[in-house]
Amino acid sequence: MSIIQTQNLTKTFDTSVAVDHIKFSVESGEIFGFLGPNGAGKTTTIKMLTTLLYPSEGSASIAGYDILHQRSKVREHIGVVFQEPALDTELTGRENLDFHARMYGLTPEIRKKRIIEVLTLVDLIDKKDVLVKHYSGGMKRRLEISRGLMHSPTVLFLDEPTLGLDAQTRRAIWDYIKTLNKEKRTTIFLTTHYMDEADFLCDRIGIIDHGKIMVIDTVDALKKSVGHDVITLSCSDNVALQHRLEKESWVSNITPHDSFLTVGVERGEEKIPSIFDIARTINIRISSIDVRKPTLDDVFLHYTGRRMREQNTEMPGKKPTKSSGFHLRRSK
Amino acid sequence: MMSQKDLQAIYMLWLRQMKRFLRARSRVLSTIIQPLFFLFILGFGFNIAVFPGMQGSYINFLAPGIIAMAILFSSMFTGVSVLWDKQSGFLQEVLVAPVSRLSIVIGRTLGGATIALFQGFIIMIIALLLGVPIIDTQGLLLTIIIMVLLSFTAVGFGLIIASKMRDFEGFQSIMSLILMPLLFLSSAFYPINSSLPGWLQALSYCNPLFYMIDGIRGSLTGANNVLHPVIDLSIILALCIIIMGLGTYFFNKSEG
Chain A
1 MSIIQTQNLT KTFDTSVAVD HIKFSVESGE IFGFLGPNGA GKTTTIKMLT
51 TLLYPSEGSA SIAGYDILHQ RSKVREHIGV VFQEPALDTE LTGRENLDFH
101 ARMYGLTPEI RKKRIIEVLT LVDLIDKKDV LVKHYSGGMK RRLEISRGLM
151 HSPTVLFLDE PTLGLDAQTR RAIWDYIKTL NKEKRTTIFL TTHYMDEADF
201 LCDRIGIIDH GKIMVIDTVD ALKKSVGHDV ITLSCSDNVA LQHRLEKESW
251 VSNITPHDSF LTVGVERGEE KIPSIFDIAR TINIRISSID VRKPTLDDVF
301 LHYTGRRMRE QNTEMPGKKP TKSSGFHLRR SK
Chain B
1 MMSQKDLQAI YMLWLRQMKR FLRARSRVLS TIIQPLFFLF ILGFGFNIAV
51 FPGMQGSYIN FLAPGIIAMA ILFSSMFTGV SVLWDKQSGF LQEVLVAPVS
101 RLSIVIGRTL GGATIALFQG FIIMIIALLL GVPIIDTQGL LLTIIIMVLL
151 SFTAVGFGLI IASKMRDFEG FQSIMSLILM PLLFLSSAFY PINSSLPGWL
201 QALSYCNPLF YMIDGIRGSL TGANNVLHPV IDLSIILALC IIIMGLGTYF
251 FNKSEG
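Protein chains in written order, with the numbering used here: chain A, 1 to 332; chain B, 1 to 256.
What the hints contain is simulated information worked out from the structure, not anything from laboratory work.
There may be inaccurate statements among the hints.
No more than 30 Å apart at the CA atoms, straight line, and that leaves these computed lysine-lysine pairs for DSBU-like [to be verified]:
no., chain 1, residue 1, chain 2, residue 2
1, A, 113, A, 140
2, A, 23, B, 253
3, A, 182, B, 5
4, A, 223, A, 23
5, B, 164, A, 112
6, A, 133, B, 164
7, A, 113, B, 19
8, A, 184, B, 5
9, A, 223, A, 182
10, A, 212, B, 86
11, B, 164, A, 128
12, B, 164, A, 127
13, A, 178, A, 112
14, A, 133, B, 86
15, A, 128, B, 86
16, A, 212, A, 223
17, A, 178, A, 113
18, B, 86, A, 112
Across the chosen pairs, the derived CB separations fall in these ranges [unchecked claim]:
no., chain 1, residue 1, chain 2, residue 2, range
19, A, 120, B, 33, 18 to 26 Å
20, A, 133, B, 245, 49 to 57 Å
21, B, 255, A, 267, 48 to 56 Å
22, B, 131, A, 136, 50 to 58 Å
23, A, 183, B, 3, 24 to 32 Å
24, A, 129, B, 33, 26 to 34 Å
25, A, 29, B, 3, 22 to 30 Å
26, B, 133, A, 134, 44 to 52 Å
Chain A stretches covered by chain B per the calculated footprint, using a threshold of three residues with CB under 8 Å from any CB of chain B [unchecked claim]:
no., segment
27, 51-57
28, 70-80
29, 95-103
None of the values given here were measured: they were computed from a predicted structure.
Quick reminder that beta carbons are idealized off the backbone N, C-alpha and C, glycines included.
Build out the structure end to end from the sequences listed, making use of the hints.
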């Protein structure tokens with residue numbers, strides 16, 4: 001069953017189109033992510049789906065309720081963690097959570113239990129009686145996440161959930177999101193511009209750029225669409241080598257970048273010697289070469305024609321791929 | 001009908017305002033001291049001035065105006081402070097909660113009204129200590145009802161202003177453009193029918209604050225009022241319902 005469904009959802013601000021006729025659906029129990037750079041329209045989409053903004057055009061439904069005509073029904077079924085801070089800084093951390101719990105009608109016993117639980121999770125239990133205005137940026141963020149997890153909504157919206165957090169807290173929050181999704185079957189809609197986050201958390205990803213969805217698919221399928229392996233190389237004459245390699249039948253795609261080329265191939269490790277041979281015949285010296293499984297960064301590059309950001313495209317715990325130096329390894 | 005959840009939300013929004021108010025000590029002080037300045041300085045300054053037809057001393061005339069002024073400022077501040085919540089982002093947290101917009105408006109209004117009335121009562125008690133007379137308990141009761149309605153109306157008015165503004169840039173000009181004429185044409189500081197030219201008097205009768213101050217004056221001190229307090233009360237009640245309705249409507253329409 002589709003728990004979120006949008007139909008040509010559009011939002012225009014004055015003259016600019018923030019979200020442009022997007023159409024997608026999220027299945028019950030799924031973790032669905034919007035991956036895109038800042039300003040791509042991710043937050044605006046969330047705000048429309050959570051009834052904070054009126055769409056300029058189109059419509060959507062959450063858990064079967066229309067976001068335009070059944071707004072309070074929609075609100076009953078959702079939880080939201082906003083990207084910008086949405087805390088009352090004149091209240092303590094505990095009071096902020098208590099406020100939330102009561103607004104969502106949690107019973108006193110559950111309220112107390114959950115407050116302790118989520119504060120422990122984000123490691124703020126010692127600071128619970130400190131006014132939020134004395135919290136650091138990271139602490140505020142953690143408090144906010146913990147608040148979004150307090151009531152158990154049908155759909156949880158997370159707008160850049162781990163923006164500005166340290167690696168350790170990120171990991172803890174990822175794990176909690178996974179657990180929440182698995183054990184309570186909470187459907188999760190998240191936006192992120194971290195590729196490792198999308199990779200780790202999401203069942204399916206929509207790549208969004210300039211308010212348009214470029215592609216939606218599972219992480220694996222998206223990566224496969226770029227080629228089974230991606231060879232990244234730099235050499236003394238990128239243009240010449242590109243023209244030469246384009247003639248080879250085993251090259252499924254080749255894209256030039258500032259100082260390097262990416263080549264989509266199958267069984268990449270076997271193609272490296274061939275590339276060296278070809279380069280030598282036309283007197284080109286290869287200075288670095290690397291073969292790896294495609295990352296979401298490659299996928300983003302493929303569908304939007306630009307990189308989201310350099311590096312940081314790998315799974316956490318592994319070193320990011322360097323584009324310089326001589327690498328002959330396969331990740332995964 | 002209000003559900004249990006909505007009542008809980010109203011209580012929570014009220015409680016939040018109480019906590020915020022009590023923690024901002026400077027605000028507690030300034031909102032009490034400012035009207036006291038008016039009461040003392042104007043009160044003593046004009047005490048020897050003679051207004052034709054004024055019954056009793058000037059401070060008896062002035063006190064109801066200052067009580068109303070204190071409530072007006074404080075309540076409008078509460079209404080407009082939705083802007084703070086908008087800017088700090090906290091409003092989003094309130095707006096996505098599964099509670100009706102009406103209960104959000106009610107919670108905010110009750111919170112603002114409680115604070116405003118607290119301030120109004122302090123001014124009233126000080127005025128009584130300065131010798132301002134009360135006619136009877138019925139009059140006192142009517143005064144309190146008018147004070148409550150005044151406070152609700154002013155919060156509603158603040159909500160309307162807040163829903164029309166994105167930030168604080170226009171705030172100062174709106175305050176001086178709206179509040180100052182309202183105050184000076186309200187009979188708070190001087191009787192309008194003996195001192196103002198005819199066209200300004202006519203304007204005063206279009207001023208909602210005039211009926212509120214006239215009502216408090218009539219019911220509390222029983223002197224110097226232009227209209228019968230019950231007539232004032234009916235006008236105020238109608239006005240309160242309209243403004244609160246508009247405030248709720250605009251708040252409902254505004255985007256988070």
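**Item:** Contradicted hints - numbers only
**Value:** Per hint list: 5, 11, 12, 19 and 20 violated.
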